[in-house]
Amino acid sequence: MFPSPNIPIVEDCNPSINPAVPVQEAPALPIVEDCNPSINPAVPVQEVPAVLSDPEIDMQSVDEPTSPSAVVLRRNPPRERGPPSKLNDYVTYNARYPMTHFISYNKFSSAHSAFLSALDNTHEPQSFEEANHLAEWKQAMTDELQALNDNNTWSIVRIPKGKKAVGCRWVYKTKFHTDGTVERHKARLVARGFTQTYGVDYKETFAPVAKMNTVRVLLSVAINHAWPLYQMDVKNAFLHGDLEEEVYMRLPPGHSQSHDPDIVCKLHKAIYGLKQSPRAWYAKLSSVLEEVGFHRSNADSSLFIRIGSTSKLLVLIYVDDLIITGDNAEEIELLKQSLRNRFAIKDLGILKYFLGIEMATSHKGLFLNQRKYVLDLLQDADMKDCKPARTPLDSKLQLDVSSKSPCNLAAYQRLVGKLIYLTITRPDIAYAVSIVSQFMHAPTLAHLHIVKRILRYLKGSVGRGILMKNNGDTHIMGYTDADWAGNSLDRKSTTGFCTFVGGNLVTWKSKKQTVVARSSAEAEYRAMASTACELIWLKGLLSDLGFPTSQPMSLFCDNQAAMHIASNPVFHERTKHIEVDCHYIRAQVQSKIIDTHYTRSHDQLADIFTKSLSTAQFHRILGKLGSMNPLDPA
1 MFPSPNIPIV EDCNPSINPA VPVQEAPALP IVEDCNPSIN PAVPVQEVPA
51 VLSDPEIDMQ SVDEPTSPSA VVLRRNPPRE RGPPSKLNDY VTYNARYPMT
101 HFISYNKFSS AHSAFLSALD NTHEPQSFEE ANHLAEWKQA MTDELQALND
151 NNTWSIVRIP KGKKAVGCRW VYKTKFHTDG TVERHKARLV ARGFTQTYGV
201 DYKETFAPVA KMNTVRVLLS VAINHAWPLY QMDVKNAFLH GDLEEEVYMR
251 LPPGHSQSHD PDIVCKLHKA IYGLKQSPRA WYAKLSSVLE EVGFHRSNAD
301 SSLFIRIGST SKLLVLIYVD DLIITGDNAE EIELLKQSLR NRFAIKDLGI
351 LKYFLGIEMA TSHKGLFLNQ RKYVLDLLQD ADMKDCKPAR TPLDSKLQLD
401 VSSKSPCNLA AYQRLVGKLI YLTITRPDIA YAVSIVSQFM HAPTLAHLHI
451 VKRILRYLKG SVGRGILMKN NGDTHIMGYT DADWAGNSLD RKSTTGFCTF
501 VGGNLVTWKS KKQTVVARSS AEAEYRAMAS TACELIWLKG LLSDLGFPTS
551 QPMSLFCDNQ AAMHIASNPV FHERTKHIEV DCHYIRAQVQ SKIIDTHYTR
601 SHDQLADIFT KSLSTAQFHR ILGKLGSMNP LDPA
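Sequence positions in the sequence shown follow full-length UniProt numbering and run 1 to 634.
Think of the hints as simulated: they come from the structure by calculation, not from any bench. It cannot be assumed that every hint is accurate.
As the list claims (entries may be wrong) - Here are the computed distance ranges between Cβ atoms for each label pair:
no., residue 1, residue 2, range
1, Gly623, Tyr421, 20 to 26 angstroms
2, Gly293, Pro228, 18 to 24 angstroms
3, His255, Lys624, 53 to 59 angstroms
Here a beta-carbon is modelled for each residue, glycine too, at the ideal position from N, C-alpha and C.
Modelling step: build the complete structure from the supplied sequences, incorporating the hints.
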């Protein structure tokens, strides 16, 4: 050991010393100035007895010596410690709840995993300035302008006096093949139709699009009959519609003459974005389908059906996206060829990605979810690293009416609007979204806190969706429930129901009733009437699809008083004030179109749409609804 002056030894600076072994005093040595410049060699140093610290005592708590001659010296300065060099080969994250802990693709095939990876790794420009720096998107815009010119979409003119031109912008979208490879980069020029004036540059605007309920019913029917599902996309669909009004549009961004505000496009075709464009395109497409033997469904005007002696074909339209299915592969190919002869159309193959809905097929059936939509939503809300929650709402949720702190109105409405679209495949958040949707006009921080709770739940269930199985039938059944006076603000009840076709969940709803119910039986009776309307619509839709049913539809309820009211004109004092339209359920029951069945509250599947439940109840009902999360790593 190197001898040192007789000074106090601090253990945390010299841990090699064992306090149990006495230290022999060393003779004083000359002090070298450059080793310790703070000590003047001309001044003698008074000897101080060596002090050994107890290893269990915090030396910072020991009183410093009061004698000015007792100088405590440390041999070495404190070291600067850094991370070990072996960690330089690793990428570390500081997120406490990384997304990789909640997503696993092990249950998907390699082909579908590649498709999902392509979706995640694709970036779509959000502005013309951004796209103009990317070669593939510049080419896409050039191709779009060439197609517009070839279709005689407009003429370049000087705007007449007294006329107003609508603006336009570019919208960018990537189309994929079924194997995940990029089919094409699609740039679409869209007019800013919100600046049009009614009666001046547009009149009629209505055009039907497929209801999401119809989409799920069609998928359930196809899965139960093992029909193939195909998707087709019409290029420049709206340009096939004729424009009757006189409409002027500003030159597209990037046009060589766009610097002159008086030079505009006089439109001859119904370009995307105009208010009347969807109506013109629908009229064109429906006339073509009717020419080849199709007719519109009475239940949904966007569904076209052709039933022959040897085949059954179905076409569902959502603007320029088509879903085609049927029981005859040859007839389907003939239909595709007929559409190619009339339009520039892309055959996207087996249905895998439709309106943001991802679809995976396996021997178990068809799985629907909105995984990428959830990831983008969490990213936009800056909630990708949040702590996940097991349920969308606290089971003891009480709406706080005392909170007066307003939140950002536009941000709140934008988040809730995105959550509403997510309920297409997520019945698990239907009730929670119905709660936050009631405060769109004046949300507070308390309401925003509930929205963030929903986002935390989505963080832990990114891949949850609906599994549709081949059960070999098309029987219709439903569950109905009501939470009597559950709203603490106005004491109104909440209606909840879900319906099944062929054993697969196809429709659901969570909605606050418009009047205050005087009893739980009345609230349940009103819920039964709403569910009856849904069942009758499903019956008509299946009849249009060629699957008429003569057996009664099953409706399950957990309130026997409401069931008695629906079956018999009884309890006059308790029902005389109920609106006539609510007695619609009674007429359907007496006509044996609907057959009511009692179910225990424990087995009531619609309970999840009327109130916030405990974690165990919530996940038990989700399993019975067919909602699952194959991306869960657990």
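Hint numbers not upheld by this structure, sorted from lowest to highest | none
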